[in-house]
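Chemist: The chain contents come next:
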Amino acid sequence: MWWQRKEENSREEEMTVKIRFFAQFRELLGSDIITEVPAGTMFTLLITSVVKKNPQGYAAIFDETGAFHEFVILMKNGKRIDIADADRTVIVDGDEVAVFPPVAGG
Amino acid sequence: MFSERELERYKRQMMLFGEEGQERLNKAHIFIAGAGGLGSPVSIYLAVAGVGTITIIDMDVVDGTNLNRQILHYDRDIGRKKTASAEEKLQEFNPDIIINAIDVKIDASNAKKLVGNADGIVDAMDNYPTRYLLNDVAMVKQIPFFHGGIRGFYGQATTIIPGSTPCLKCIFPKAPPGEEFPVVGVTAGIIGTIQSNEVIKYLTGSGDLLTNRLFIWDGMQAHAEEICIERNPSCEACGGRGKKKIAGKKK
Numbered sequence: 499m500w501w502q503r504k505e506e507n508s509r510e511e512e513m514t515v516k517i518r519f520f521a522q523f524r525e526l527l528g529s530d531i532i533t534e535v536p537a538g539t540m541f542t543l544l545i546t547s548v549v550k551k552n553p554q555g556y557a558a559i560f561d562e563t564g565a566f567h568e569f570v571i572l573m574k575n576g577k578r579i580d581i582a583d584a585d586r587t588v589i590v591d592g593d594e595v596a597v598f599p600p601v602a603g604g
Numbered sequence: 097m098f099s100e101r102e103l104e105r106y107k108r109q110m111m112l113f114g115e116e117g118q119e120r121l122n123k124a125h126i127f128i129a130g131a132g133g134l135g136s137p138v139s140i141y142l143a144v145a146g147v148g149t150i151t152i153i154d155m156d157v158v159d160g161t162n163l164n165r166q167i168l169h170y171d172r173d174i175g176r177k178k179t180a181s182a183e184e185k186l187q188e189f190n191p192d193i194i195i196n197a198i199d200v201k202i203d204a205s206n207a208k209k210l211v212g213n214a215d216g217i218v219d220a221m222d223n224y225p226t227r228y229l230l231n232d233v234a235m236v237k238q239i240p241f242f243h244g245g246i247r248g249f250y251g252q253a254t255t256i257i258p259g260s261t262p263c264l265k266c267i268f269p270k271a272p273p274g275e276e277f278p279v280v281g282v283t284a285g286i287i288g289t290i291q292s293n294e295v296i297k298y299l300t301g302s303g304d305l306l307t308n309r310l311f312i313w314d315g316m317q318a319h320a321e322e323i324c325i326e327r328n329p330s331c332e333a334c335g336g337r338g339k340k341k342i343a344g345k346k347k
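Residue numbers (our numbering), protein chains in the order written: chain W, 499 to 604; chain F, 97 to 347.
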């Protein structure tokens, strides 16, 4: 609705992003997650904030130091993000990010 | 020239790509790495399509836990070498083609020699270290690598053409840890038939290949989608150029 849209626009400190998990990450965490995070949130923090309440999902994506497992694939708006850069990759309103593992069975 | 029997057998697909396309299939040699979940549908469909020479590699014995998905192997084959079972079934599916079933573990010392003069490699493996070896061989020999992977109700596939598409290491630079993965047979069927479809299109020059795209199948949602994939300019396997010398001893 137009009045809701206006209200959303006025909340400049929050932004809406979409997180897509695939394969076993999806099994543990769901498929498309729309979430609101403070403006200026970095990629790693965005994912951490969404998965931290799910210990199994967290352990599948992050190691014990809180870093992404080295095999995890990260994308932002269809472009690959290096794990090494995820801590300093800023998410902006409307971004769509994807997090997935290599599927290994055969 | 095809026999009357072969012309009859291939009639319905020659309506699609002609006798010329069938000749191309007949002259082709495809290397299938694995006679398991993916290797079963891949080899069956390539055999019935009339791919002239199929080399299929596996080192395992048929186990009861394989039978929910590895449709090349029957209950009576439990305890038998997968290669023996595969050779028998594939030859029965199509007596007019050559089946080389080799009981060996693919490793750095033999991968290149095993692939030999094959026109393409189908990835029907269950682990990334061996996939990376085959990816390297595909780069060296400049032949396509038809990747597939499955887990549970999920699967992925892409077609790698050395020199023009990302290689497997560009897409997945690091192997996930090994595991005893859950899987339903239909996931292997879906991804394996996509791989076979790619091989048939590649050999007959039909359609558009699944290149520069990772096909992702979600059987739980009955939803397929694709992710655009790009070459990694600093890829350790292809350097973003799709060419590399394979690691290993020189004779």
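Any given hint could turn out to be false.
[What the hints assert, rightly or not] Result set (BS3-like, lysine-lysine): computed pairs, CA atoms no more than 30 Å apart in a straight line:
(1) F/Lys297 <-> F/Lys209
(2) F/Lys208 <-> F/Lys177
(3) W/Lys551 <-> F/Lys270
(4) F/Lys177 <-> W/Lys574
(5) F/Lys270 <-> W/Lys550
(6) F/Lys209 <-> F/Lys237
(7) F/Lys297 <-> W/Lys577
(8) F/Lys123 <-> F/Lys107
(9) W/Lys577 <-> F/Lys270
(10) W/Lys516 <-> F/Lys201
(11) W/Lys551 <-> W/Lys577
(12) F/Lys297 <-> F/Lys201
(13) W/Lys550 <-> W/Lys516
(14) F/Lys270 <-> F/Lys107
(15) F/Lys270 <-> F/Lys237
(16) W/Lys577 <-> W/Lys516
(17) F/Lys297 <-> F/Lys237
(18) F/Lys270 <-> F/Lys201
No lab work stands behind these hints: they were computed from the structure.
Chemist: Given the hint that W/Lys551 pairs with W/Lys577, does the C-alpha gap stay at or below 30 Å?
Modeler: holds, 27 Å
Chemist: Given the hinted pair F/Lys209 and F/Lys237, is their Cα-Cα distance within 30 Å?
Modeler: Distance ~11 Å between F/Lys209 and F/Lys237 Cα, so the pair holds.
Chemist: Check the hint pairing F/Lys297 with F/Lys201 against an upper bound of 30 Å on the C-alpha distance.
Modeler: holds, 29 Å
Chemist: Within a Cα-Cα threshold of 30 Å, do W/Lys516 and F/Lys201 meet the stated pairing?
Modeler: violated, 43 Å
Chemist: Is the straight-line distance between the alpha-carbon of F/Lys208 and that of F/Lys177 30 Å or less?
Modeler: holds, 23 Å
Chemist: F/Lys297 and W/Lys577 were given as a pair; does the straight-line alpha-carbon distance stay at or below 30 Å?
Modeler: Judged against 30 Å, a Cα distance of about 28 Å means the pair holds.
Chemist: Tell me if the straight-line CA distance from F/Lys297 to F/Lys237 falls inside 30 Å.
Modeler: holds, 20 Å
Chemist: If you draw a straight line from the CA of F/Lys177 to the CA of W/Lys574, is it 30 Å or shorter?
Modeler: violated, 46 Å
Chemist: Given the hint that F/Lys270 pairs with F/Lys237, does the C-alpha gap stay at or below 30 Å?
Modeler: Between F/Lys270 and F/Lys237 the Cα gap is close to 23 Å, so the pair holds against 30 Å.
Chemist: Given the hinted pair W/Lys550 and W/Lys516, is their Cα-Cα distance within 30 Å?
Modeler: holds, 17 Å
Chemist: So if I understand the rule, the pair passes when the alpha-carbon distance is 30 Å or less; does F/Lys270 with F/Lys201 pass?
Modeler: holds, 21 Å
Chemist: Taken at face value, is the distance from the CA of F/Lys107 to the CA of F/Lys123 at most 30 Å?
Modeler: holds, 17 Å
The structure does not agree with the numbered hints 4, 10 and 14 stated previously, though it agrees with the rest.
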